[in-house]
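S.K.: One letter stands for each residue in the lines below.
There are 4 protein chains.
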Amino acid sequence: MSETSSRPLGVAMIGYAFMGRAHSQAWRTVAAAFEVPAVARRVIVGRDETAVAEAARRLDWEEHATDWRAVLERDDIDIVDICTPGFLHAEIAIAALEAGKHVLCEKPLANDTAEAEAMVRAAEAATARGQIAALGFTYRRVPALALARQFVEAGKLGTIRQAKAAYLQDWLVDEEAPMNWRLRKETAGSGALGDIASHAIDQVQHLTGQRATSVRGRLATMVPQRPGADGPEPVTVDDAAWATLELDGGAIASVEVSRLATGAKNRLTVELFGTRGALRFDLENPNELWFLDATLPVAEQGFTRVLVTEPEHPYLEAWWPQGHVLGWENAFTHQARDLLLAIDGSAGFSPDFADGLALQRVLDAIIESDAADGASIAL
Amino acid sequence: MSETSSRPLGVAMIGYAFMGRAHSQAWRTVAAAFEVPAVARRVIVGRDETAVAEAARRLDWEEHATDWRAVLERDDIDIVDICTPGFLHAEIAIAALEAGKHVLCEKPLANDTAEAEAMVRAAEAATARGQIAALGFTYRRVPALALARQFVEAGKLGTIRQAKAAYLQDWLVDEEAPMNWRLRKETAGSGALGDIASHAIDQVQHLTGQRATSVRGRLATMVPQRPGADGPEPVTVDDAAWATLELDGGAIASVEVSRLATGAKNRLTVELFGTRGALRFDLENPNELWFLDATLPVAEQGFTRVLVTEPEHPYLEAWWPQGHVLGWENAFTHQARDLLLAIDGSAGFSPDFADGLALQRVLDAIIESDAADGASIAL
Amino acid sequence: MSETSSRPLGVAMIGYAFMGRAHSQAWRTVAAAFEVPAVARRVIVGRDETAVAEAARRLDWEEHATDWRAVLERDDIDIVDICTPGFLHAEIAIAALEAGKHVLCEKPLANDTAEAEAMVRAAEAATARGQIAALGFTYRRVPALALARQFVEAGKLGTIRQAKAAYLQDWLVDEEAPMNWRLRKETAGSGALGDIASHAIDQVQHLTGQRATSVRGRLATMVPQRPGADGPEPVTVDDAAWATLELDGGAIASVEVSRLATGAKNRLTVELFGTRGALRFDLENPNELWFLDATLPVAEQGFTRVLVTEPEHPYLEAWWPQGHVLGWENAFTHQARDLLLAIDGSAGFSPDFADGLALQRVLDAIIESDAADGASIAL
Amino acid sequence: MSETSSRPLGVAMIGYAFMGRAHSQAWRTVAAAFEVPAVARRVIVGRDETAVAEAARRLDWEEHATDWRAVLERDDIDIVDICTPGFLHAEIAIAALEAGKHVLCEKPLANDTAEAEAMVRAAEAATARGQIAALGFTYRRVPALALARQFVEAGKLGTIRQAKAAYLQDWLVDEEAPMNWRLRKETAGSGALGDIASHAIDQVQHLTGQRATSVRGRLATMVPQRPGADGPEPVTVDDAAWATLELDGGAIASVEVSRLATGAKNRLTVELFGTRGALRFDLENPNELWFLDATLPVAEQGFTRVLVTEPEHPYLEAWWPQGHVLGWENAFTHQARDLLLAIDGSAGFSPDFADGLALQRVLDAIIESDAADGASIAL
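Keeping their order, the protein sequence lines are chains G, X, R and C.
The first sequence lines up with residues 1 to 379 when you count with UniProt numbering.
The second sequence lines up with residues 1 to 379 when you count with UniProt numbering.
The third sequence lines up with residues 1 to 379 when you count with UniProt numbering.
The fourth sequence lines up with residues 1 to 379 when you count with UniProt numbering.
If you are wondering where the hints come from, they were derived from the structure by calculation, not from laboratory data.
Check the hints yourself; a few may be wrong.
[Claimed, not checked] Which chain G residues face chain R? A few, computed with CB under 10 Å, are given here: (1) 240; (2) 260; (3) 276; (4) 292; (5) 302.
Ideal Cβ positions, reconstructed from N, Cα and C, are used throughout, including at glycine.
Generate the whole structure from the sequences, applying the supplied hints.
M.R.: Shown next as structure tokens:
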């Protein structure tokens, strides 16, 4: 691990598309919002020299580079932030960890379990050397969801018996929407399952504090081919998926995801039903957490819309006065903060690569269940 | 007062239009839903023989009649339910009270203060004889509003400092909507003010438990003429109104009403802001009361949507299981119940004619303020 | 079939609990709200003489009786309205149909498929004689859901690819809530599945106009025993259930139901996602239909809250001015209207017993799938 | 005006509290999100050396300074961004304009009309020299409000007859909340009126495109004294205000603001009612615009929730995929973008100082009306 006492922590970011822009915003903002170790945006890495140079300029990185392996050898790089498509995660993350760098890897951890297992082995070794191997399930750091976790931990829901999660989008409603890497199995691993069910399942397990012990799943590809560069091309991943999960705390969770849910823009919803209370969340209104306290007198019960913008709420002391809401992007700043504090030794970081592997196994089990006509698959 | 021990209470209803239909539904339903003295729908009265005969058949009244004065002489009539336009209220109500009948009079009590004062004198004399003179501000008996009143009385809001009420409709948005009696001063007294601001102001005073001590008001007639039978006819009442009220408990209330509020169908909204809590209500979602408890820990505060369908809620024990919502009409059944119980001596009835007069004076003061360029008018 | 030209249609209602009260309200109200053939509430039938006599008085029926077989022999009875628990449906309905009566049978049609098949045979014979055999999936007559069906039929959703329905209640959250007939397999057939999933599945099939061709299902009994008269007693039905349905139009539907969904009071929700639009409905706000028109310019798209209270909306011309909302009970009046019009020959009635049988087969298939570890069961 | 072709535009920001932090975030972010001229955060200025040095570090400015007059003399400063309390605006802005700088001045323009007039004179002279004098009513650049303005301009509302705006907060509910500069007339000018009614009135005028021609107003100070450094100190500004405005297009607008509206966190709401449509907005859900199209068939009408996150929406092409919502702070980035583009000559900037003066006159008229017992004050 690099010596960080006398200079800022240097970050190298691999990838500069959607996630790269979001992570850049976080790295630019984190030290203004939070008390964290100093950080420097050293280098942004991509394959296309022209494009990555432009990205460096726009996103305000000191340098750009096209060879991520060379970047890993630099002494001024302490953190490697991996924002590439999933099929590149394993190779880069393992090399970065072996080079002694802290790693932040976007979800999903990998496209299959074998890769994920190799990554976990590398992370275990690195962690033993004091490095951090962090996984980017950023929604855990949406304040309302962090508050939800606090409520569950404080016992406000009692025993959770049922969970209901969905992640609905509609960007594939149009049958003429063209092919891209997210619709091919070899680059994306899976479709809606890996891309968005992964978030829904991570929230279910994280919020309840319960792990899946068995699953039943169904996948569907409703639009089986789409326009490619050379004419119609088969879609080789799912565009919708359904699952039920048995959790080790006795709860049953349902998960439904789709990229053809007309009118749903980015609708990750989670509902938890417990013996003492209930919670609801919708990512399209991310500043609200709906909480029902079933221990109140019946005549006063109902879902309370908590506007999660008070200084008493997670991460909010760093931002604006009450009622001045945050956007989708702020959770990335919270993630950068928590990573910097973890490197600084003042806190741990969750989720880690092992969490990512465990989640990958749940996704694989859903695929296996679907292939087995819906049979339960134990984890 | 009639002897009621050995036979059902006999009701005569004057008027059979919108309000007559709603009251009929209540009289037909009340004994099924609630434990009340037996009641008989004896006679429905109107000027048009054919139409009232048809109304009697449809609305299930035993008889119909065209001469309300003759009906008042019948011994089998105990209750006179006045559903006519406001300009007929005074004459009928006073005669009915003098004939020894209980009276339920639709709001507004009268079209002007002089009439209202005469009605109050008649009611005082009748009340001394044991009769009930009830005023039909039915919305007080919407369960969510009745619950709101309970919350205020229980101190859940602390000291109420500010109230904000509105009643917005849009049935006059179209400039070609034709003239009718509600748009002429001689029949309607006023426009949106008497028709709907009366509800908003009644709720403000009733819910807060505070009375207006002075008002400032503004009236407007945005569409000054409309198609009449003989060509364009001037609209002689307001179609929108605004007022602020100083209340005797120190609060200030705002009221805004309109018949040209595009998209508002029957949107009576009331918000109360107190030192310990707040309340919100919207008549377009009448089964919901939104309550904020400002004494909770800040991280848990927010408006709670209480779905007012529990047996613990006002009037609800008589209806369906929880979550099976009521409609607009049910409050009329609650009103009939409360009137029957009042007649039976087991409870009082509020509002009474004196409340109607007090409200009329507030409305008059708003008109006076508008005429005086917005000057405060004391009550 | 009875001769009905010269006298009102006579109704006999069997059962006087929750459903009996709701149906009574409908029979009392229908002729006031709608133009229908005259109808008389002749007799209410129950096993407990004292209780049924009291019900007759409260609910305003002419007579009461304890022997439903004797009632079927009366010439002045034209309609038999069956509001008993499901295990009595078959016997009564078949006898009533054989006695030449029109029958309205509450859902579920029967507790098992064999009974349902016998009922369908009886209904087919009766229908050939001109009788009506109607099934009470009353929610089809909630105006917002009737409007939803109109929108789908008019093509406003295009091809429906995905449906998402849930029916969540919370009356069994408390582990100490006592046993009752709804929790025993021998009286109730199934638990949440038959009671509420039946509604959700009926809506999915009715609204989409597509029928299930195969299902995968999961059942759970989260609280396995409850206090009985003689100590703890096993709960022998499901208290939550999940299913996915393949529909013959190519859509996939998910259904989730629970009686332990803390904070959900009567939350039947349905969402439909089509190539041209989407719909959402929630029974806790039954006057609202949310519609998204995906053919509008993108900048104007979104879910529109249609307040279903306009005279242009189904059933609404009979009720109150716009914005004056209906309650849960009004749909029963619509059902009574539609039945009377069907008897009068001016319209058909849907759903019928065959629909009930088809639905029963879907429910059975879900049970079978659960028993087969989630395997697909073809219909 | 400085020569900007060969180097970034240099910004000096005066003030580093709440507004300074929000503006810094915008200056750091603008070039990443939008194509704009290069910009450099040269110097942040404040009176307290230690605090401003720390702010420079945290907010990532190149330098800090304590003497704003000296900063105005620097050639590398092109833009002066004024984030101080209002009583300092006039002096700094006039000096900066006279020094040839572009100025962005936070709202309100000034604490009284005399100051505002002097500022407008300075701005007029500067504008003639090619400088920009921009006023920071940032909410005009919340995408949903910018979209609202587009809808009105496109005629989607027809003639707007009625507007209803409120800005409700609750940070002064507690009577023990201490005195600060915002509660003293000499530093703040007015209370809720200048601070938040200014926003509401700016929106009403901007969105409708109509200007106030006369007002009636009422002010109240509900908590007349608060804890000061030396014991109780009188509150010399309003904590709530109400007004009605006649607009030059024939509409009437109501405005209500409060700092004691329990449960309202930052609730700026605007509703517009026109002959062809209506709009609603709530700053606590700033990504939503609710639009009703009154030209649709009645059965389909209702308020549509437009989630303003599509690339077709104002400013959104620069941010994230659809459904990934923005926060309160992003509007400041939009403001910085528009200012840079205005300096670059590719667009104008609105509002300007003259708009601020016009608004100040409306605020003054409300105060005058209140002092005249609610009399109408012409503008």
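S.K.: Indicate, hint by hint, whether the structure satisfies it.
M.R.: Do the hints match the structure? See the list:
1. Checking residue 240 (chain G) against chain R: minimum C-beta separation of about 6 Å stays under 10 Å; hint holds.
2. At its closest, the beta carbon of residue 260 (chain G) sits 6 Å from a beta carbon of chain R; the interface hint therefore holds under the 10 Å criterion.
3. At a threshold of 10 Å, the smallest CB-CB gap from residue 276 (chain G) to chain R is about 8 Å, leaving the interface hint in force.
4. For residue 292 (chain G), the interface hint holds, since its Cβ comes within 10 Å of a Cβ in chain R; the closest pair sits about 4 Å apart.
5. Because the beta carbon of residue 302 (chain G) sits about 8 Å from the nearest beta carbon in chain R, less than 10 Å, this interface hint is met.
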